[in-house]
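Go by the hints and put chain V onto chain D.
The chain contents come next:
Number of protein chains: 2
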Amino acid sequence: MGRPRTPLLDRERITATALRLVDETGDFSVPRIARKLGVQTGSVYHHVDGRDGIVELLREHISAAIDPGTLDATPWDAAVEAWARSYRAAFAAHPRVIPLLMTSPVRAPRVLAQYERAVGVLLAAGFAPAGIMPLLIALENLVLGSALDLAAPETMWELTVGAPTPRLAQALAAVGDGRADRAFDVGLTAFLEHARRLRTGG
Amino acid sequence: MGRPRTPLLDRERITATALRLVDETGDFSVPRIARKLGVQTGSVYHHVDGRDGIVELLREHISAAIDPGTLDATPWDAAVEAWARSYRAAFAAHPRVIPLLMTSPVRAPRVLAQYERAVGVLLAAGFAPAGIMPLLIALENLVLGSALDLAAPETMWELTVGAPTPRLAQALAAVGDGRADRAFDVGLTAFLEHARRLRTGG
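Taken in sequence, the protein lines are chains D and V. Sequential numbering of the first sequence, starting at 2, is according to this note's numbering. Sequential numbering of the second sequence, starting at 2, is according to this note's numbering.
Worth flagging that the hints you see were computed from the coordinates, not collected in a lab. Heads up, some of the hints might be wrong.
Covered stretches of chain V, going by a simulated chain D footprint (3 or more residues, C-beta under 8 Å) [said to hold, decoys possible]:
#1 29 to 38
#2 146 to 153
Simulated restraints, written as ranges between beta carbons of each label pair [to be verified]:
#3 PRO110/D - GLN171/V: 15 to 23 Å
#4 ALA90/D - GLU155/V: 42 to 50 Å
#5 ASP68/V - SER30/D: 53 to 61 Å
#6 ASP182/D - GLY43/V: 37 to 45 Å
#7 GLU159/D - GLY202/V: 15 to 23 Å
#8 PRO130/V - SER30/D: 46 to 54 Å
Interface residues of chain D toward chain V, partial, derived using beta-carbon atoms under 7 Å [said to hold, decoys possible]:
#9 ALA65
#10 ALA139
#11 ASP150
#12 ALA172
#13 PHE192
For glycine and all other residues, C-beta sits at the position ideal for the given N, C-alpha and C.
Next comes chain D alone, as it looks inside the complex:
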């Protein structure tokens, strides 16, 4: 299955090139990576486990920017909040990678290990096993949606004379700066409040 048999440096160059392509164009392909690196397409396949393998290298690369210490915080809700904030920051640096990673199965061992730790935090806090993945996925949806929103322009709604929207204008004038961070705070607060009640059966 084409297990990598070459120095780490080559996989790092492939990862960096794939990331640059996705940042710039929204996608990558093995032939385009090869062209950028000035090698034959076949050479790239010698270093990585095909296109899916490169997706997993991207996942590991971006997830490595999530502070692993956050999940050690106590109590559990402080750990979840700190992890979510670090997770959002890591992905906000590469918003165009988000749809690629969200629609490919997670295979990267280091990333699976991070899910293992997050599940462990919630199990140790007393959550029922059946509820843990829905909670974690709901949190990821919020985190990754919000990471995309961080890449949006600060003036996201361009009101025009031709489209009278007085109430939207009022709401936008009232919110002021930092709307993306304030929205993430609202979503994260809502999530944590819900999770605390769920845990205590409230």
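For chain V alone, coordinates are given in the frame of chain D:
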């Protein structure tokens, strides 16, 4: 500024071609649309207001699939919930368009009108104006993150012998089918609970 001066059909063909390109490749360009339609690049510019204009055509096209009747439901939280569910379904059909639309300013009059109605629902329900955009954006982050998740494979975590993750395996076994829908329900429930408390000062 290049206002369209041609039949609607031409803009519809440009929109459909751009959408197909984004669905397939994650992005579009005016020259690629022209090639697909067998016309000169300059001809495309005669019909639309440049690249930004095409982004807005895509926004209008996808937003047109959101059921406009949802925002008429009563009480306000039934309207918000129905709107969020219809919004998610509309964007789940075109997940790769999500990052494109989330990172470009909203100018399409019909889409601005939909925000105007959503803001109106929350104002009429008694929410403070300063809190309305953070609420709506938090809801959109959840909706669009979840729309991306709907495009993910049902088996999203591929556990391997090389990466022992017993707690993740336990949590995945316990959740069963329909994890994406269950996660969206968790996130939406958390959001609505928070909004209800916020409204009543609880």
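We went through each hint and held it up to the structure:
Given a C-beta distance limit of less than 8 Å, the hint that chain D covers the segment 29 to 38 of chain V is violated, as 0 residues qualify and 3 are needed. With 6 residues having a beta carbon nearer than 8 Å to a beta carbon of chain D, the segment 146 to 153 of chain V meets the requirement of three or more and the stated coverage holds. Distance hint check for PRO110/D and GLN171/V: the Cβ-Cβ separation is about 18 Å, which falls inside the suggested range of 15 to 23 Å. Range check, ALA90/D to GLU155/V: about 29 Å between beta-carbon atoms, so the 42 to 50 Å window is missed.
Roughly 37 Å separates the CB atoms of ASP68/V and SER30/D, a value that falls outside the hinted 53 to 61 Å. Range check, ASP182/D to GLY43/V: about 42 Å between beta-carbon atoms, so the 37 to 45 Å window is met. The given range of 15 to 23 Å is broken by GLU159/D and GLY202/V, whose C-beta atoms sit roughly 33 Å from each other. At about 47 Å, the CB distance of PRO130/V to SER30/D agrees with the hint of 46 to 54 Å.
With a least beta-carbon distance of about 16 Å to chain V, the hint placing ALA65/D at the interface is violated under the 7 Å criterion. For ALA139/D, the interface hint holds, the least distance from its beta-carbon to any beta-carbon of chain V being 4 Å, beneath 7 Å. Interface restraint check: ASP150/D against chain V, minimum CB-CB distance 6 Å, threshold 7 Å, status holds. At its closest, the beta carbon of ALA172/D sits 4 Å from a beta carbon of chain V; the interface hint therefore holds under the 7 Å criterion.
For PHE192/D, the interface hint holds, since its Cβ comes within 7 Å of a Cβ in chain V; the closest pair sits about 5 Å apart.
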